Amino acid sequence: MSNTATGWEPVIGLEIHVQLATRTKMFCGCELSFGQAPNTRTCPVCLGHPGTLPTLNAQAVHYGLMIALALDCEIAPRSIFHRKNYFYPDLPKGYQISQYDIPLASGGHLEVPGGPSVRIHRAHLEEDAAKLIHHGESGRIHGAGSSVVDFNRGGTPLVEIVTEPDVRSASDAREFLQLLRTTLKQIGVSDVNMEEGSLRCDANVSVRRPGEETYRTKTELKNMNSFRFLERGIDAETARQIGTWESGGTVVQETIHFDPVSGSLTPLRSKEEVHDYRYFPEPDLVPVAPTEEMTERARAELPELPAARLERYRADYGLADDVAGTLVGWSELGSFFEASVAAANGNAGAIARWTTGELVAFLREHGIEDPRESKLSPDALAELVGMVEGRTLSRGAAKEVLGELTAEGGDPRSIVEARGLAPIADTGELEAIVERAIEANAAAVEQIRGGKAQAAGAIVGAVMKETKGRADGAEVNRLIREKLGI
Amino acid sequence: MISRDQVLHVARLARLRIEEEEIDRISRELSSVLDHIEKISELDLDGVPPTSHVIHVENILRPDDPRPSWPAERVLEPAPDPAGGGFRVPTPGQ
Amino acid sequence: MTADVLRMSAAEAAERVLAGDLGAAELFSTYSDRIHQLDDRLGAFLWTADEPPTQDGDAPLGHVPLAVKDLFCTEGVATTAGSRILEGHRPLYTATAVRRLAAAGAPMLGKTNMDEFAMGSSNENSGYGVVHNPWDPERVPGGSSGGSAAAVAAGLAPWAIGTDTGGSIRQPASLCGIVGLKPTYGAISRYGMVAFASSLDQCGPLTRTVSDAALLLRHLVGHDPCDSTSLGLPEEVRLPSRTDLKGLRFGVPHELGSRAEGVETGVGEVFDRTLDRITELGGEVVQVGLPHAPHGISAYYVIAPAEASSNLARYDGVRYGPRARNGTLLDLYERTRAEGFGDEVKRRIMLGTFALSAGYYEAYYGRAQRVRTKIADDFEAAFDECDFVVSPTSPTVAFKLGERTGDPLAMYMADYCTVPMSLAGIPAVSIPAGLARPGDGSGPPGGLPVGFQIAGPAFSENGLLDASFALEQALAFDTTAAFL
Chain V
0 MSNTATGWEP VIGLEIHVQL ATRTKMFCGC ELSFGQAPNT RTCPVCLGHP
50 GTLPTLNAQA VHYGLMIALA LDCEIAPRSI FHRKNYFYPD LPKGYQISQY
100 DIPLASGGHL EVPGGPSVRI HRAHLEEDAA KLIHHGESGR IHGAGSSVVD
150 FNRGGTPLVE IVTEPDVRSA SDAREFLQLL RTTLKQIGVS DVNMEEGSLR
200 CDANVSVRRP GEETYRTKTE LKNMNSFRFL ERGIDAETAR QIGTWESGGT
250 VVQETIHFDP VSGSLTPLRS KEEVHDYRYF PEPDLVPVAP TEEMTERARA
300 ELPELPAARL ERYRADYGLA DDVAGTLVGW SELGSFFEAS VAAANGNAGA
350 IARWTTGELV AFLREHGIED PRESKLSPDA LAELVGMVEG RTLSRGAAKE
400 VLGELTAEGG DPRSIVEARG LAPIADTGEL EAIVERAIEA NAAAVEQIRG
450 GKAQAAGAIV GAVMKETKGR ADGAEVNRLI REKLGI
Chain A
0 MISRDQVLHV ARLARLRIEE EEIDRISREL SSVLDHIEKI SELDLDGVPP
50 TSHVIHVENI LRPDDPRPSW PAERVLEPAP DPAGGGFRVP TPGQ
Chain R
0 MTADVLRMSA AEAAERVLAG DLGAAELFST YSDRIHQLDD RLGAFLWTAD
50 EPPTQDGDAP LGHVPLAVKD LFCTEGVATT AGSRILEGHR PLYTATAVRR
100 LAAAGAPMLG KTNMDEFAMG SSNENSGYGV VHNPWDPERV PGGSSGGSAA
150 AVAAGLAPWA IGTDTGGSIR QPASLCGIVG LKPTYGAISR YGMVAFASSL
200 DQCGPLTRTV SDAALLLRHL VGHDPCDSTS LGLPEEVRLP SRTDLKGLRF
250 GVPHELGSRA EGVETGVGEV FDRTLDRITE LGGEVVQVGL PHAPHGISAY
300 YVIAPAEASS NLARYDGVRY GPRARNGTLL DLYERTRAEG FGDEVKRRIM
350 LGTFALSAGY YEAYYGRAQR VRTKIADDFE AAFDECDFVV SPTSPTVAFK
400 LGERTGDPLA MYMADYCTVP MSLAGIPAVS IPAGLARPGD GSGPPGGLPV
450 GFQIAGPAFS ENGLLDASFA LEQALAFDTT AAFL
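Here the protein sequences come in this chain order: V, A and R.
Per numbering that gives the first Met the number 0, the first sequence starts with residue 0, numbered consecutively.
Per numbering that gives the first Met the number 0, the second sequence starts with residue 0, numbered consecutively.
Per numbering that gives the first Met the number 0, the third sequence starts with residue 0, numbered consecutively.
For reference, chain V alone in the conformation it holds in the complex (with noise of 0.2 Å):
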């Protein structure tokens, strides 16, 4: 949806809540729980008993630097904690400990490559609440008539990213939000996985005419737990408030459940009151002032990360910035185009170009997320896109070759000598074929001597069928050429 066809510019901010792959909880030594049965992996602490205090998770306070060295945030030199109060049952001490006005970072950004630049405002620690299962129809919280609380998730690490209302249209938040994904997938501190609830999105929406320069009302769209679901609902949204402004209406601020089924946008139940969460200093924790030591470490275990690894691959490559930008935007892909070439060593632009063409294609079609997850080896890749600018196979053939290499595996040369399709190495069979197929399509040769060089496509054609696609179809090009003396 851009400025220009509708006249108005979305603004949006995201607000993204990153659950970290640390063994034990935020505040308590309970192990994170995956699919445990309820109320399996808690403690007095985490159960909020009276008398329990929490304690801050080393390993939380670490991944947490590396998020804000990786977005290039600046890191408090103090940071402390802050309860914010509320009654909810999935909140068992009746606050959540998190931060505040002075949080672990701020100040980052992150770039796609050829795409939205977005600023970070803030990254903070804080504690996840727990489940609250609906007993209804539906398993939603409208009609339901209990609730069970399992507190297995309460406590579990958080990293809460919050970015600059930088974001202008829908796909450009769908494109930030990958990347962000990617990098923190790479750098190894979640499983990111929007699905499993580990990686979480809302966005505040608002939209303004171009040149306006303050914002106007926003809302907030929660918990979008797919990238899909995430541009369509604020593509929604966002037709929705363009047409309320241009009606005459004002959009009110409220917080909005995008239905992906349905396409719809309800109002969430407004609460009785807007939220007073009197924030004050959590007095059961010191702050954490990051040591030069804690921060080295932190930087240390930073892998490349996706805007490095971009510039390598155009400087040292030669890439292309559309082929590099998904290369580094999927980041095992692109660990697998870099082994390729080592073991090729060379031919990086044609490696490029089979991994991102043929080989996402195959792995779209079978649904795979990680190429290793195919039978292909990077090496037998090199193998393959070796020979074919070696001209010893032919594009035709190689792409059959690599069908057989991602679903079964094994190496290049020995299916090309198994399935015959070695090129046709005997020239003289080759003039041979394309003698044939001159003579049995005059009508084409006719049309070539008339001027028009596409019909030698035919004569090709025929060449490739009765060669089974072994021929190399520059060199058939050029004795067609050659017999008609053209």
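None of these hints come from the bench; they were simulated from the model.
Remember, predicted model here, so these are calculated numbers, not experimental data.
C-beta: ideal position from N, C-alpha, C; glycine also.
Errors might be hidden in some of the hints.
[Stated by the list, open to error] Below, a sample of chain A positions facing chain R; criterion: calculated Cβ distance under 7 Å: (1) L7; (2) L12; (3) L44; (4) F86.
On the provided structure of chain V, position chains A and R as indicated by the hints.
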């Protein structure tokens, strides 16, 4: 001074039910305490940082080593309404 | 024999048990029998152990049983914090302080009565009945550790632990004529102490002698990985031995001295006589200033209720405790809490919620924390001029039951002299210094106990106990006088 409305608002924030006949008494009691407390508004506290932590240490961190969790039966023992392995409550907002 | 046993200090009893002269079981039953026979006159105990767990071998605390304020979680044993909202609640774990003392050889004798959630200065706010002062049953023992103080003063427990947030160990110790110590904030783990005001709560001993307090302190202090705010003490707690006060300066702040606001004449006289004793022992009495101390009550009654309003939010009927049934979720919360909490607790929750609420935070909570900084600064400056700051522990002797329950502010004033030390996080001890009659001349003709408070800089426990010991010996107050 704290008004009736403020008393009701605060009671709601604190999830304390107070009956109509209690409101005046509570309002009087709280007002008397607040009047005394209000003396601190006369002090010159410019540039004085608030105490947020009494002890001056930082970075007290717990190693990320798992400790055994309590069995579900044990944690559900004190529950006023255990059900389905969890703690049952009326659904919020109904 | 029983009388001899009772009159021994806990330390002496420990020595005798370890020497084999006194049986641990015998010692235990002496006390538990007395509780069964006599406690209905006091109301000090909510629960008494049937028998101690069998303990073998050497234990530094000599198997001398310990009364434990019902604010400390004790696994499997009801822990109510003096409140009906925790009626019958059996914790899943035991507080670190209780565990440490039990491991050192002080088994639990019983759980003592207290003001609900430690909020009170008279033990009249308990959901389980008042406690009577053994010196005069028509009077309060002080609070919130009223049960622990009364038990020790009446000879129903050799020693006890309590908690002090604004004076809740020192003030009842003063009103009951025994020793009460609030250590430096962070010296002892708070894990397992039902929280009232997290930045102020501290565990401490209530004993009949300073040496007993030191002995318990030694085994209580230390960093606890379960409490991030626990530091322990930089040196091991020594048993005190000082015989004079030569070379020590005792600062008297006029804001908290004998002519301070609300101090009864009799209390002032005992205080002044004690200053004379100090001089006789070679100590120097100097004037110091604590200009912001008079605002201590104001700051405290914002900060403590604010933290309490948050700490008590967990009592919601969802996971433990009684629950108001048959309604909406809002009914569950509002009625459970209204029915379970007493009036004083509700008052403080409301006060605290108000002080933190939108639009009021800066004016109340923000300012109160700044006043707190100034009070801490005042003490720091005072300790440049003296080694210890002294004051009466309580402005009055024990008042009558019912006397202040209609006027919350009057009740709060009982903490006037103790609250500044709590806000500054520094250690302070109350030792019984003499007897005085209340302002209206009522009560026993011999008078009622007056406590003398000595406060030192953070982490000065050894010096503080040493000085207190020397003074205690000189004062020779009879801490058995109120034995039942």
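Hints and how they fare:
This hint is violated: L7(A) has a C-beta 11 Å from the nearest C-beta of chain R, more than the 7 Å allowed. Because the beta carbon of L12(A) sits about 5 Å from the nearest beta carbon in chain R, less than 7 Å, this interface hint is met. Hint on L44(A) holds. Least Cβ distance to chain R is approximately 4 Å, under the 7 Å limit. Below 7 Å, beta-carbon pairs count as interface contacts, and F86(A) has one with chain R at about 6 Å; its hint therefore holds.
Of the hints listed earlier, the one the structure fails to meet is number 1.
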